[in-house]
Amino acid sequence: MKIRHVKYLVLLAIPFFAILAGTRVVKSQTEGWFRTGINLGQFTVRIAVPDFASRSADPRAAELTKTFNQVLWNDLNYSGILDVVSKSLYPVNTPQEPQDVDFNGWSNPPASAQMLAFGYTETRGNSFVVTARLFDVHNPSNPSVLAKRYVADMNDLSARDAAHRFANEIIQTLGGGIPGINLTKIAFVSNRTGHAEIWVMDYDGFNQHQITNYPSLNLTPRWSPDNSLLAFTSYARGNPEIYLYSLITNRRIPFPSYRGLNTTPAFSPDGKKIAFCSSMGGNPEIYVSDVNGLGLQRLTFSPGVNISPVWNPKTGNEIAFVSDRSGSPQIYIMNADGTNLRRLITAGGDAEAPSWSPNGLFIAFSWSVKETGHWDIYVIEIATGRIVQLTYNAGRNEHPSWSPDGRHIVFESTRTGKREVWTMLADGSNPHELTTAGENWNPNWSN
Amino acid sequence: MGAATFPIFDHRESLRGALLASIIFHCLLALSALVYTIWGGRMGKGWGQSLNSGSAVHVNAVASLPGVPLPQPRITTPNTVAVQNPGLFQKQPVPKPPPDLMAQKIPKFKEAVKAPEKKMLANPRIQKEKIQPPPNAIPYGEGGKPTMSYSSVTTSAGDVAIGIGQQDFGERYGWYVQAVRNRISSNWLLSTISPNILNAPRVYVDFDINRDGSISNARITQSSGIPEVDRSALRAVLASSPLAPLPADYSGNKVSVEFYFDLRR
Numbered sequence: 002m003k004i005r006h007v008k009y010l011v012l013l014a015i016p017f018f019a020i021l022a023g024t025r026v027v028k029s030q031t032e033g034w035f036r037t038g039i040n041l042g043q044f045t046v047r048i049a050v051p052d053f054a055s056r057s058a059d060p061r062a063a064e065l066t067k068t069f070n071q072v073l074w075n076d077l078n079y080s081g082i083l084d085v086v087s088k089s090l091y092p093v094n095t096p097q098e099p100q101d102v103d104f105n106g107w108s109n110p111p112a113s114a115q116m117l118a119f120g121y122t123e124t125r126g127n128s129f130v131v132t133a134r135l136f137d138v139h140n141p142s143n144p145s146v147l148a149k150r151y152v153a154d155m156n157d158l159s160a161r162d163a164a165h166r167f168a169n170e171i172i173q174t175l176g177g178g179i180p181g182i183n184l185t186k187i188a189f190v191s192n193r194t195g196h197a198e199i200w201v202m203d204y205d206g207f208n209q210h211q212i213t214n215y216p217s218l219n220l221t222p223r224w225s226p227d228n229s230l231l232a233f234t235s236y237a238r239g240n241p242e243i244y245l246y247s248l249i250t251n252r253r254i255p256f257p258s259y260r261g262l263n264t265t266p267a268f269s270p271d272g273k274k275i276a277f278c279s280s281m282g283g284n285p286e287i288y289v290s291d292v293n294g295l296g297l298q299r300l301t302f303s304p305g306v307n308i309s310p311v312w313n314p315k316t317g318n319e320i321a322f323v324s325d326r327s328g329s330p331q332i333y334i335m336n337a338d339g340t341n342l343r344r345l346i347t348a349g350g351d352a353e354a355p356s357w358s359p360n361g362l363f364i365a366f367s368w369s370v371k372e373t374g375h376w377d378i379y380v381i382e383i384a385t386g387r388i389v390q391l392t393y394n395a396g397r398n399e400h401p402s403w404s405p406d407g408r409h410i411v412f413e414s415t416r417t418g419k420r421e422v423w424t425m426l427a428d429g430s431n432p433h434e435l436t437t438a439g440e441n442w443n444p445n446w447s448n
Numbered sequence: 048m049g050a051a052t053f054p055i056f057d058h059r060e061s062l063r064g065a066l067l068a069s070i071i072f073h074c075l076l077a078l079s080a081l082v083y084t085i086w087g088g089r090m091g092k093g094w095g096q097s098l099n100s101g102s103a104v105h106v107n108a109v110a111s112l113p114g115v116p117l118p119q120p121r122i123t124t125p126n127t128v129a130v131q132n133p134g135l136f137q138k139q140p141v142p143k144p145p146p147d148l149m150a151q152k153i154p155k156f157k158e159a160v161k162a163p164e165k166k167m168l169a170n171p172r173i174q175k176e177k178i179q180p181p182p183n184a185i186p187y188g189e190g191g192k193p194t195m196s197y198s199s200v201t202t203s204a205g206d207v208a209i210g211i212g213q214q215d216f217g218e219r220y221g222w223y224v225q226a227v228r229n230r231i232s233s234n235w236l237l238s239t240i241s242p243n244i245l246n247a248p249r250v251y252v253d254f255d256i257n258r259d260g261s262i263s264n265a266r267i268t269q270s271s272g273i274p275e276v277d278r279s280a281l282r283a284v285l286a287s288s289p290l291a292p293l294p295a296d297y298s299g300n301k302v303s304v305e306f307y308f309d310l311r312r
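Here the protein sequences come in this chain order: Y and P. Basically our numbering = 1-based index in the first sequence + 1. Basically our numbering = 1-based index in the second sequence + 47.
It should be emphasised that the hints constitute simulated quantities derived from the structure, not laboratory data. Every residue, glycine too, gets a C-beta built ideally from N, C-alpha and C. Treat the hints with caution; some may be incorrect.
As the list claims (entries may be wrong) - In silico DMTMM-like cross-links for lysine to aspartate or glutamate, where the CA-CA straight-line distance does not exceed 25 Å:
{"#": "1", "chain 1": "P", "residue 1": "K301", "chain 2": "P", "residue 2": "D253"}
{"#": "2", "chain 1": "Y", "residue 1": "K149", "chain 2": "P", "residue 2": "D259"}
{"#": "3", "chain 1": "Y", "residue 1": "K315", "chain 2": "P", "residue 2": "D277"}
{"#": "4", "chain 1": "Y", "residue 1": "K149", "chain 2": "P", "residue 2": "D296"}
{"#": "5", "chain 1": "P", "residue 1": "K143", "chain 2": "P", "residue 2": "D255"}
{"#": "6", "chain 1": "Y", "residue 1": "K315", "chain 2": "Y", "residue 2": "D428"}
{"#": "7", "chain 1": "Y", "residue 1": "K88", "chain 2": "Y", "residue 2": "E434"}
{"#": "8", "chain 1": "Y", "residue 1": "K419", "chain 2": "Y", "residue 2": "D205"}
{"#": "9", "chain 1": "Y", "residue 1": "K315", "chain 2": "P", "residue 2": "E275"}
{"#": "10", "chain 1": "Y", "residue 1": "K274", "chain 2": "Y", "residue 2": "D291"}
{"#": "11", "chain 1": "Y", "residue 1": "K315", "chain 2": "P", "residue 2": "D259"}
{"#": "12", "chain 1": "Y", "residue 1": "K315", "chain 2": "P", "residue 2": "D255"}
Claimed, not checked - Anything over 12 Å on all C-beta distances counts as not near chain Y; from chain P, calculated:
{"#": "13", "residue": "I70"}
{"#": "14", "residue": "P181"}
{"#": "15", "residue": "P274"}
Could you put together the complete structure from these sequences and hints?
If you want it as structure tokens, here you go:
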């Protein structure tokens, strides 16, 4: 009798001990494991870009070819996904035609390239023709990836445009389908004429031209999703009002003027609504209306300033904005109808100028941490609350704006002593200064 | 004549009188009880009932008896002191009985109860012949990589790999496969998986890439058993749509892709 009881007890105890032993085994496995790998986190394709040769005797064509080569190199080098091989490592013979390509010479060290972009330029009549190819030099039996011919006018801008287009093709092909940003533009505020006016330039800082000419203060430009409209704040009639400007007709488009402060417009991702800050009710609050001014709706109800709305570009269902309801400017997120309000950054300091990344996962903002007091660009991952600092020890950095591919950020910085517009990769590397004339600030990247 | 008789044994005393008296006595007893229950209740209080008015039974407690000295309640300390000695009364340990050498061993359960013999259902003659493996059979675990050529890469989250259904696609358009793999693995977000999940079985996701690069028909063909890992893998694929358009000289309309995710961190 007693022995049988003991037997059952043992039987019951076996699974218990087995569980204990099992957990011990699992634990020891995880403890003894270590992580290794190559290319952790980032993938780059090594690409060689030898200079395109000019087959024309025209000296203008030689000049345009030089521009083309330089722009193509800069575009690929600044794409964030390509590792452009230095020209000093290239084989001696520069190919122009497919049969000229020495596959071993390009794929072996020292070049060690995987991709090769090559071609030539010529003049046909009054146009500048670029024949461009992209080869996979690791696959000699079937190397052709891209083969394009661009017909441009005999001027600098058109040659640049051809280079931007070819770089866009390469980046979209090798980057897994995200279109390149080489044809996008950046709107910004410049006081180089003596007044703060809205200006637009290419993404690499070329072709800067003035959009507005109101001898007054014009601020906070924002692109519409189809890049046909610019919305901004103008003091042209004394009172800060929202202006809409069509880049197709180069005319103003009517938008209602409300009393009090009206500023920081932002288009919804479908382009049908505008969120903006207005003090028409006495206190600066976030309002939403249709682009034609109908259907005005107030979203925030709190004492203090509520300003700088920005829509979630992926869903269009959320709006981030700045509010000082807690005593200092902080970034809050609410649904597009004003519900579900929550504070984004729980740490202190002053956080301003949110810009939502195109994939909807991140918000870039400028932040002055209480301990240091420096204004720097940060990025927060919304789901986890992880914050990454992008600029460091380089003047006052504010007003970030994402590029449509989510790989670049444009911002304003005083690191040279003046407020100028800079770009960098979205991980904070590779900063470029885009403007030098006068003071330039408040950039916004087109879509 | 000869036998002596004992009249005391022959004489049977009649029990009738005593029995009768007993019956009468019992009847009287029963009657008296009956009469008392019927009539007695009217005469006074019943058994156990209080003589005073009210329903409560009055009990005179002993403590209230005058003149009887009762001991005062002992003042006890609330915390009992642990005592080292085990107490005054202790049983002597029972000495163990000497081991009985002649005791029989208890038979094991399996020996005691024999399982019924299983019937051989299969034809034993077939079993006797040794099965020859086919000449192209691959022993278990020695097959190496599957015929579908996978292109794998290690990310911070573990391994991801892509296999293209069309056999020669991966060889001809290696750059395309690499671009797709990089895009999808960069969209695999570890923040959507709980940090306490350190590794998971492989998740296989199948999908088609259409001519314009859009992804369709994405589905999990082999689950890891952990729903959030499955969802993160499917999400990585769907977030990558549209991919780059298929290579211009590729003749097909779509490419079937098998992608696996190996979570190791």
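Cross-check of the supplied hints:
no., hint, result
1, P:K301 / P:D253, "13 Å, holds"
2, Y:K149 / P:D259, "18 Å, holds"
3, Y:K315 / P:D277, "23 Å, holds"
4, Y:K149 / P:D296, "13 Å, holds"
5, P:K143 / P:D255, "80 Å, violated"
6, Y:K315 / Y:D428, "20 Å, holds"
7, Y:K88 / Y:E434, "24 Å, holds"
8, Y:K419 / Y:D205, "19 Å, holds"
9, Y:K315 / P:E275, "22 Å, holds"
10, Y:K274 / Y:D291, "4 Å, holds"
11, Y:K315 / P:D259, "21 Å, holds"
12, Y:K315 / P:D255, "23 Å, holds"
13, I70, "55 Å, holds"
14, P181, "35 Å, holds"
15, P274, "17 Å, holds"
In this structure, only the earlier hint numbered 5 is contradicted, and the remaining ones agree with it.
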